[in-house]
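Engineer: What follows is the residue order along each chain.
Protein chains: 2
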Amino acid sequence: MSTTTNRQILLKSRPIGAPTADNFELVNSPIPTPAAGKVLLRTTYLSLDPYMRGRMSDAPSYAPPVALGTPMVGGTIARVESSQHPDYQAGDLVLSYSGWQDYTLSDGTGLNKLAADMPQPSMALGVLGMPGFTAYMGLLDIGQPKAGDTVVVAAASGAVGSIVGQIAKLHGCRVVGIAGGEDKCRYVVEELGFDACIDRRDADFATQLAAACPAGIDVYFENVGGAVFDAVLPLLNVGARVPVCGLIASYNATDLPAGPDRLGLLMGTLLKKRIKMQGFIIFDDYGHRYPEFFSAMSIWLSQGKIKFREDIVAGLENAPQAFIGLLQGENFGKLVVRVAA
Amino acid sequence: MSTTTNRQILLKSRPIGAPTADNFELVNSPIPTPAAGKVLLRTTYLSLDPYMRGRMSDAPSYAPPVALGTPMVGGTIARVESSQHPDYQAGDLVLSYSGWQDYTLSDGTGLNKLAADMPQPSMALGVLGMPGFTAYMGLLDIGQPKAGDTVVVAAASGAVGSIVGQIAKLHGCRVVGIAGGEDKCRYVVEELGFDACIDRRDADFATQLAAACPAGIDVYFENVGGAVFDAVLPLLNVGARVPVCGLIASYNATDLPAGPDRLGLLMGTLLKKRIKMQGFIIFDDYGHRYPEFFSAMSIWLSQGKIKFREDIVAGLENAPQAFIGLLQGENFGKLVVRVAA
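Residue numbers (full-length UniProt numbering), protein chains in the order written: chain A, 1 to 341; chain B, 1 to 341.
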């Protein structure tokens, strides 16, 4: 780990299909010096999240792509290294959007101060940050869970899914998780308290899911898509709600799947069963409700009602490989890179 | 027209693909006699609506199928012919669900009295009935139109679409209709006051639709599906709302269309553009709000702010052919059968 140069991981080329190490380039740049009104930030933790796959492509999406030859974007925890900004001083801890690099300059826009002695600052990238907020609003505002409802969530051991399920339990729901692998499923049931968790890798996955949802599915929190959604679709109840948060199964797809074309089948199911399906982008749609979330989640955490797990990778240089693995489901818990001590 | 026998149109066989005359059978039965607590109803108007295609099939849906050998179901205006029920007397005019037949008995369940001297009782099957209520709730509650929004509605000269567009105009929206044929499009613009109407039969339909929606589409009221939805999908704006009311283009389909499979593409679009798509079944979801609708619509009608058109077919015996034509878009306005004077 260098303290005299700024290591940056740039987007070198746009992936076709799954990203590879060749799509990224690690370069060493001079550490920038803050001018008046600026602060120099030192990244301590970098969040890795599935949405970043979208930023690597230049297909139209809800946010502009990362330009080739510039640092990959990402949420970070950073320490103020030096400051020419009246509101910040050296040593301040902030939530920032510094991206995949050791150092960056900021004029303060988008920075949020954290308690300088926060015991586990990476929580601000997970359970108390974007993934936790996504789980909270998507489930409660779009999903509208009622006591007794069956709530199904995929990627159930992940940063979002694990929180969705635990909040649904707090609301009196029957909660069924879907995860990849026996270890994750065991964790979801035994540690997080879901009622059941089905291994999506099992050959009879769809049959197991149906058996675990004898009263059908009232809320399906969608963050996977693909074969998982195919198994969920016939189980959706009349009046079901489907918040669409992510579709990680298709992020690396280069072509549409072979037919038949089920677009009309999906719409017909929405009609006959009076289902609501709604996509959302957390800060665009719900930014104004972050304080409400932060307060509720802080209380649940202090009461031990919500558990979380982090998968911490050491070293900025390992971010590309960790991110590639994230898209394959290799992480176990919220994936974070420790960039500096 | 017989007044001594009860003509009934039964479902003789279930259609495969488009219904044909052979799926129906006209039979003559004795006119039933009301026992204590019953009324004998004489059908005067029978409503024909696309949802009836679903009742002819035994595929799972939101309502049970019509049993083979029993009368087709349907909303009706009826006159009380004789009564053994304390709340009704001969001559009363009621909104009923008598189905495709001259006479039926009722114990009063589901009957709604109309003013006996109502000048145009068939309105209770259209603009003041289920289609108007469907337009009102789907647009206002799910669609949430705001002044300046672009609202697109298909089957724009029909019983539902014509009302959707006019209510959207009353809310200050830009309204673009889609209809089949030049006459219908002219009517939609010149009589109903839509800003534009595109003929779905034109070869460059999708291009014309895009040109008519320079600011994209904020609300798409879906009652058609198929190629019309394909043209709409790329034009949907961030935050668009899509009430799904019907999918007439696929009601006669026997197989899913050929691939590629666009189910994931649709969900990806909902995600990236944060779109809400929601199916609804009017009386199941909104029955408790019928008085609100009836009051609002009555005022608009009395002020001349909402216009409507009926396509009245004479004679119960012509109901099957008229219904078959409805599924092909041959009607022009709300399709109603005049069963008796």
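Hints listed in this document are in silico derivations from the structure and should not be mistaken for laboratory results.
Worth double-checking, as some hints may not be accurate.
The list cannot tell twin chains apart, which means a pair is met if one copy fits it or any two copies do.
[Claimed, not checked] Only pairs whose alpha carbons sit at most 30 Å apart, straight line, appear in this in silico DSS-like list of lysine-lysine: (1) Lys12 with Lys272; (2) Lys272 with Lys38; (3) Lys113 with Lys307; (4) Lys272 with Lys305; (5) Lys38 with Lys276; (6) Lys169 with Lys38; (7) Lys307 with Lys12; (8) Lys12 with Lys273.
Engineer: Failing hints, ascending?
Structural biologist: 2, 4, 5, 6 and 7
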